[in-house]
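A.B. asks: Protein sequence lines correspond, in order, to chains C and G.
The numbering used here numbers the first residue of the first sequence as 109 and each following residue consecutively.
The numbering used here numbers the first residue of the second sequence as 170 and each following residue consecutively.
Note that these hints are calculated values from the structure, not bench results.
Do not rely on the hints blindly, as some may be mistaken.
Computed footprint of chain C on chain G; a stretch qualifies when at least three of its residues, placed anywhere within it, have a C-beta under 8 Å from a C-beta of chain C [claimed, not checked]:
(1) 201 to 211
(2) 254 to 265
(3) 268 to 276
Virtual Cβ for every residue (Gly too), placed ideally from N, Cα, C.
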Amino acid sequence: KQEVTQIPAALSVPEGENLVLNCSFTDSAIYNLQWFRQDPGKGLTSLLLIQSSQREQTSGRLNASLDKSSGRSTLYIAASQPGDSATYLCAVRPLNNNDMRFGAGTRLTVKP
Amino acid sequence: SAVISQKPSRDICQRGTSLTIQCQVDSQVTMMFWYRQQPGQSLTLIATANQGSEATYESGFVIDKFPISRPNLTFSTLTVSNMSPEDSSIYLCSVGGTTETFFGQGTRLTVV
Chain C
109 KQEVTQIPAA
119 LSVPEGENLV
129 LNCSFTDSAI
139 YNLQWFRQDP
149 GKGLTSLLLI
159 QSSQREQTSG
169 RLNASLDKSS
179 GRSTLYIAAS
189 QPGDSATYLC
199 AVRPLNNNDM
209 RFGAGTRLTV
219 KP
Chain G
170 SAVISQKPSR
180 DICQRGTSLT
190 IQCQVDSQVT
200 MMFWYRQQPG
210 QSLTLIATAN
220 QGSEATYESG
230 FVIDKFPISR
240 PNLTFSTLTV
250 SNMSPEDSSI
260 YLCSVGGTTE
270 TFFGQGTRLT
280 VV
């Protein structure tokens, strides 16, 4: 069964810092991996999608990498801002399945 | 991409009652998914809803507690039956395209 782990569980940084969030998964047979942002009490906003054949994706200050063979992904946030404060969720879509398996998330706080 | 409208966005319900959550997608999709996010936890898949057939439930979730309807390719409902305080969660519907997965904004349910 696919298990997804995110480290750290919580992170607090001063504004302007670059930071890395980590995600690992136990089964490399994935279709894709997606990073989401969730604000308190809200739904999920998709940030970046990486197909299993890709190594990385970039959107603005966000960069996500994927090493499928080692079962790892990282989300890099450059020049963090207070508006980046949220919970970041990593999810993998297994092969032969259309649902997603989620990590527990990293709760990020960016202090002004 | 897919735009998902979920209603209600939040509700406070008395224990023992039932709540039906609606999910409308702006395009036809084969599969729709229902997730639960308990307080402080990540997302857990409740069931997969296919049009024209019974929903497929994950371990720990049963049809009597979480009946699902899927009358057409753009709409689904999830009912939380005979609610107890332990059912207080965010419930989210989701659709998976050929690549990306999209989520509704969620229904925040509080049972008192």
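A.B. asks: Tell me if chain C covers the region 254 to 265 of chain G under the three-residue, 8 Å CB rule, please?
C.D. replies: holds (count 4)
A.B. asks: Please count how many residues of the region 201 to 211 of chain G have a CB within 8 Å of a CB from chain C and say whether that reaches 3.
C.D. replies: holds (count 3)
A.B. asks: Taking 8 Å as the C-beta cutoff, is the stated coverage of the region 268 to 276 of chain G by chain C satisfied by three or more residues?
C.D. replies: Three-residue rule met by the region 268 to 276 of chain G, so holds; n is 8.
Violated hints are absent here; each numbered hint is respected by the structure.
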